[in-house]
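Undergrad: Spelled out from the first residue to the last, the chains are:
2 protein chains.
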Amino acid sequence: MRLLAFGDSFVAGAGDPDHQGWLGRALAGRPEVTAYNHGVRGDTSADVARRWPAEAQARLTDAEPCRIVFSFGRNDANAAEGGGARLSPAESLKTANLLLTQGLRLAPVLMVGPPPAHEPALAARLEGLNEAFKTLCARQRVPYIDVLRPLAVSGTWLAEARAGDGAHPRAGGYQLMADLIAAHPAWRRFTGQD
Amino acid sequence: MRLLAFGDSFVAGAGDPDHQGWLGRALAGRPEVTAYNHGVRGDTSADVARRWPAEAQARLTDAEPCRIVFSFGRNDANAAEGGGARLSPAESLKTANLLLTQGLRLAPVLMVGPPPAHEPALAARLEGLNEAFKTLCARQRVPYIDVLRPLAVSGTWLAEARAGDGAHPRAGGYQLMADLIAAHPAWRRFTGQD
Numbered sequence: 001m002r003l004l005a006f007g008d009s010f011v012a013g014a015g016d017p018d019h020q021g022w023l024g025r026a027l028a029g030r031p032e033v034t035a036y037n038h039g040v041r042g043d044t045s046a047d048v049a050r051r052w053p054a055e056a057q058a059r060l061t062d063a064e065p066c067r068i069v070f071s072f073g074r075n076d077a078n079a080a081e082g083g084g085a086r087l088s089p090a091e092s093l094k095t096a097n098l099l100l101t102q103g104l105r106l107a108p109v110l111m112v113g114p115p116p117a118h119e120p121a122l123a124a125r126l127e128g129l130n131e132a133f134k135t136l137c138a139r140q141r142v143p144y145i146d147v148l149r150p151l152a153v154s155g156t157w158l159a160e161a162r163a164g165d166g167a168h169p170r171a172g173g174y175q176l177m178a179d180l181i182a183a184h185p186a187w188r189r190f191t192g193q194d
Numbered sequence: 001m002r003l004l005a006f007g008d009s010f011v012a013g014a015g016d017p018d019h020q021g022w023l024g025r026a027l028a029g030r031p032e033v034t035a036y037n038h039g040v041r042g043d044t045s046a047d048v049a050r051r052w053p054a055e056a057q058a059r060l061t062d063a064e065p066c067r068i069v070f071s072f073g074r075n076d077a078n079a080a081e082g083g084g085a086r087l088s089p090a091e092s093l094k095t096a097n098l099l100l101t102q103g104l105r106l107a108p109v110l111m112v113g114p115p116p117a118h119e120p121a122l123a124a125r126l127e128g129l130n131e132a133f134k135t136l137c138a139r140q141r142v143p144y145i146d147v148l149r150p151l152a153v154s155g156t157w158l159a160e161a162r163a164g165d166g167a168h169p170r171a172g173g174y175q176l177m178a179d180l181i182a183a184h185p186a187w188r189r190f191t192g193q194d
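Here the protein sequences line up with chains A and B, keeping their order.
With the numbering used here, you'll find the first sequence wraps up at 194, consecutive numbering, no jumps.
With the numbering used here, you'll find the second sequence wraps up at 194, consecutive numbering, no jumps.
Same shape as in the complex, but just chain A (with noise of 0.2 Å):
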């Protein structure tokens, strides 16, 4: 199976000192399954929709099973110059589900939602981004794996971010994200483990 996963730093892993990120780690043990990681720091919605159709072309294959991973939002909502988010939630949405229809036309399609910050003005919208990017996902009835309240509530994720950069965590905060997508029902069906 060819995994492909579309996203922003934290679908790379940034920061963490075993470069595997939440997608390596969920997949550990799993070397029939080639992941390929196309996470880029600071890339919004927006940005991830004008790269990933060639990105995708050059990967997807008739030989074996693929799977699309699409995961953002953070760049999305973080504070533009003069204030607000980068990108509106109505503009979120809308480049969301764009990526969605074009996605499930070329393979099956699951998106994971965007990790907690600190600064309570982001996670605010981060809060609405992925209530929102739920209701999205069950309408195209793409799977959607929350996992903002759990690494919130772990305080793992946070810590590890404060002591870093502010923003990306190291091995245990990229090992929680993955165990929680790892265990989870919609995971194991996309990536034919159940």
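These aren't lab readings, by the way, just hints derived from the structure by calculation.
Incorrect hints may have been included.
If you want the footprint, here are the derived chain B segments under chain A, 3+ residues with CB under 8 Å [claimed, not checked]:
id : segment
1  : 9-15
2  : 18-31
3  : 34-41
4  : 119-131
Far from chain B, some chain A residues (derived; all Cβ distances over 10 Å) [said to hold, decoys possible]:
id : residue
5  : Ala-14
6  : Ala-28
7  : Asp-62
Think of the CB as a built atom: it goes at the ideal place given N, C-alpha and C, for glycine as much as any other residue.
Model the placement of chain B on the given structure of chain A, informed by the hints.
TA: Okay, now just chain B, sitting in the frame of chain A:
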């Protein structure tokens, strides 16, 4: 630092149960380096040449130091239907020269040679490519890390490949390749460790 690596399934780390590959393993313990892994299964140098400019464009930044790694050759040398290699040595060299030239305009470049193979005819073609890439890199003043003989001699790489799908090792082979690379003075200079 952002390190972009372009190449084949060995760059992707296909078969590594830990989903790090040699790239993640060579950068272990260095969370300040964001690794963008652009290895694609089955890709020849010509396939890399087609996709790499757009993919690099979306990831290179002026905000921090960037580095570009190329590693390919196995799929160039693999047997084509009807015999011989998929790409002639002359085609591989011409493409490698183009990639190095394009890359050097954007960031410092390093090349990692192909790992070994069992089949005698393929192994002989890889020996030839390895030497030709080394000469090309010397001419372009690009550091070249030769892993072919050390990996063949150790036995681990080929034993794991034989036990697996015939081409790709598991954790041991990738770790060995990573150790060779991480200890190389050219890699240490290239990634800012010395």
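Undergrad: Confirm or reject each hint.
TA: Do the hints match the structure? See the list:
Only residues whose beta carbon comes within less than 8 Å of a beta carbon in chain A count, and the segment 9-15 of chain B has 4; three or more means the coverage holds. Residues of the segment 18-31 of chain B lying with their CB closer than 8 Å to a CB of chain A number 11, which satisfies the three-residue condition for coverage. Interface restraint, the segment 34-41 of chain B with chain A: holds (6 residues with C-beta to C-beta distance below 8 Å; minimum three). With a cut-off of 8 Å between beta carbons, the segment 119-131 of chain B has 0 residues touching chain A; three or more are needed, and the interface restraint is violated.
The claim that Ala-14 of chain A lies off the interface is violated: its Cβ sits roughly 5 Å from the closest Cβ of chain B, which falls inside the 10 Å cut-off. Here Ala-28 of chain A does not stay apart from chain B, with its beta-carbon only about 6 Å from theirs, under the 10 Å limit. Distance to chain B confirms Asp-62 of chain A as a non-interface residue, since its nearest Cβ pair spans about 12 Å, more than 10 Å.
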